[in-house]
Amino acid sequence: MRVKFPHVCLIASLFLKMFFLKKPTFCFHFFFSQWRNDFVNGLVKISNSHEMQEECLGMAVLDMTRTAKEKQTSPLEIYDTMSYKSFLPKDIRAQIQDCSFLTRKRIRFRFKRFIQQFSHCRTTVWDLKLKYLISIESLEKAFYTETFQVREPSSGQLIVQVAANTGIQWCREKLKDADEVRLEFSSLPEALSFVSLIDGYYRLTTDAYHYLCKEVAPPRLIEALSAHCHGPISMEFAVNRLQKCGNKHGLYILRCSPKDYNKYFLTFPLEVCDTIDYKHCLIIRSATGEFNLSGTKRNFSSMQELLSCYQKETVRSDSIIFQFSKCCPPLPKEKTCLLVCRSNKGSEVPLTPSLQRHNISQMVFHKISKDDLEFMESLGQGTFTKIFKGVRKELGDYGCMHQTEVIMKVLDLSHRNYSESAAETASQIVHLHEEGMGGIVHDDIMVQEYVKFGSLDTYLKKNKNSINIMWKLEVAKQLAWAMNFLEDKQLVHGNVCAKNVLLIREEDRRAGNPPFIKLSDPGICITVLPKEIVIERIPWVPPEYIKEPGKLCLAADKWSFGTTLWEICSGAEKPLGTLDNFKKIQFYENHHHLPAPKWTELANIISSCMDYEPAFRPTFRAVIRDLHSLITPGCEILPNRTAGSAWTTGGFESHEPAQFEERHLKFLQLLGKGNFGSVEMCRYDPLQDNTGEVVAVKKLQHSTEEHMRDFEREIEILKSLQHENIVKYKGVCYSAGRRNLRLIMEYLPFGSLRDYLIKNKDRIDHQKLVHYASQICKGMEYLSSKRYIHRDLATRNILVESELRVKIGDFGLTKVLPQDKEYYMVKEPGESPIFWYAPESLTESKFSVASDVWSFGVVLYELFTHSDKNLLPHLENCTVTEQETGIKMIRIIRSKYVRMMTSPASPRGKILSPSQNPTRPGISGRALNDNHYVRVGSGHSVFQRYFVVHMHLSRREEPMRSASSGTLCHNSELNYARGCSDHFLVERK
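Going letter by letter, the sequence shown gives residues -27 to -1, 1 to 962 in mature numbering (1 follows the signal peptide of the UniProt record, and there is no 0).
Since the hints were derived computationally from the structure, they do not count as laboratory data.
Note that this is a predicted model, so its numbers are computed, not measured.
Incorrect hints may appear among the rest.
Subject to a maximum C-alpha distance of 25 Å in a straight line, what follows is the list of computed SDA-like cross-link-like pairs (lysine to any residue) [as the list claims (entries may be wrong)]:
no. : residue 1 : residue 2
1   : K450      : F91
2   : K366      : K672
3   : K366      : D417
4   : K556      : L603
5   : K42       : F91
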């Protein structure tokens, strides 16, 4: 196993004992042989210390004893016939050889004495092997890590480390803005070794059926994928998969045998006496490479040939006739027993693409006044729109007027009912190669960024003689990345074609800048278009949609991409342009294909994307791999992972430089404004061609010394945080003379969680609310592990990245805990969000992790009331300064907050139970009560240690249990869901 996991030997031992296995499996013997070989041959680097030498000599004794037992002889006989040095690592052998004669003799004498002592050992071979493996684990952490010294052409030396338990790590000396990672290795074998390691790591942890390039992919994997064969999955998984597919007649799964390397199974459902049974036909691969279906006499040279034969002929088994008509292929990133590590994202079940396209309530539109737009020349007409070039005017800082060139798409009067559909997908997409939507005017005008060079098909026709194949491949790769983004987001575009691909920047060969494209919005959704218009779009519309209109899936975009790729290669020639609608339908019914390009490898990519079986079409990640292999065989350029001088782990992501230039920040719209600052949506565009990334920019309203100091502290805090549920830091931007400072963060298009809950109240169920709460817990637990106290946790400061992820933001009030204390006393004056503050924070200015837990309880209330203003007090502008006493603040909480809060509905358990109106409301101390709590998420705790959140209101004070000591102090009659006046009880684990 190339990728090694810590404590795997102990896990293997427990596994054998758990299932009462009397002897280890062949897998364990193979595992031991590989680890021993790597250890003895010096593939694992170990230190040359005296302690390491002693450990290796002890392991050599174990190994020699194990060899003697396997050969059924005594260890002394092995000692006499074999040199003890052959059982030692290569470096230790050389070290002993350099010692003096007397030292070598002393080591040999001690080794023989230990062998004599082990001669009467009754330990089994299995135990000796297990002890040997465990000893290897304890020797060196580097045993789990492979390190590569590489070089980036633009930024110098780089160290890359790969380990099973920490992922892929690298360290570079400076930040770099790039879209691709290009690494140079000292030799081709080292480069292939690195790629093969990443390849195996990805298949073990993420996708068992994806490979980076054919040069390092296992031949059996490529062979299996070509036959749509599953790996060695279990029979139970195969049956479950068939059940999910409806147990349709003719459906089958081809899978490798979990036990025998040269055997395969065809699993298929059969209806017997009104019940569904499952058959497993055996396929055997002979030593000559021929395939045979058990019970038949005919042999086939390949698996595809065998399947092709029996898809046409019927098979008889136990007087039952069956025909293999439809294959159930493996799915990308499928959670199977083939994955060593499984992320907990499996519980985040996304909506199907069809459902997402009809969730109109999740769209985010920016309203633009018609008075801010100036219409200029007409740019043509679309299917349902008239397109104009125009200017958008906006008032900026210091009274300056910004003018931006835009495109305005005006819907025809007869198609105004399509306005929501026209803006639906465009409102959800923020990507480098996806055209952004500037906003809408009323319901009939969509405003988008202006593109100077127009659509790709027009540009290809104009410059047919000057565009080479390298230019076309670069455009195809960029389009594939855009489609991969949509596929990861489970979004269906529905109208991918060359005329919807816009050329943002021309190629500059002298400067080395390639062309840059963006995918435009799909316009009106294909699901609401009339049938005749849909048929006119053949061959961009997939054949399965013509058969079953209304069912649009991710595979539809793969077919459209194949057609678009054919357009690009042919110079924007319109495919099937001379056929009428009837002949176009016949084209699909007869399973015809477009003429193949002369470049065979490119033709294969187009053909795979335009497969008439939707399940057989490749993922866009696989398409990107194949497109890159046309230029750089054997290499796939992965997304950039940029870091500073520290190590970063995980997948690959693209990062902007930490220092932004003000002149390259293009204002797009105002996102929010407060008493001290504002947040804007901007595009950082250093090339001034609208190809930059959209970011969120926070700046101060008043740049006083005190505000600047607080702002710089907030920036440093956010810069130190790296978590999937915390807003990502991008960098900072200084104005001329460093008079003003701006914080650059990632842009999250769905806004604050508070507004999102209000807009999507009918669509968000309790399961999603619990899911959001779980993610907030993870982010807050990460903060507490860094000894940070947020102090302003509320739904208004939690941002929504997508329907499945929220992120914590706004760290303006965040404090760091002193090392010698578990709380922080705030002394500086300022306004406080009292309705989210714990009582000790109001009365004593005392903040701790527990006070953040209180705020989280209020957030829970906001979540499960969907931030309904009728169920919440008027919180806007409700702040208290230090001049107001603690008693007065408590009185405010009681008067404004307690009376207003009612119990939200309870999702799947007692998260919030109905409360009773207290006759004498009061605030009591925090206590533990094991009978009433909420568990948010699965397998995660609220800040890990604070997983249980209790909310109660005391009607009268009686003996109860103390949170710190566990002694009985008071007892309260619990009443739930009374907001901030309730105390959230924390169970510390």
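Do the hints match the structure? See the list:
no.	hint	result
1	K450 x F91	64 Å, violated
2	K366 x K672	22 Å, holds
3	K366 x D417	19 Å, holds
4	K556 x L603	35 Å, violated
5	K42 x F91	11 Å, holds
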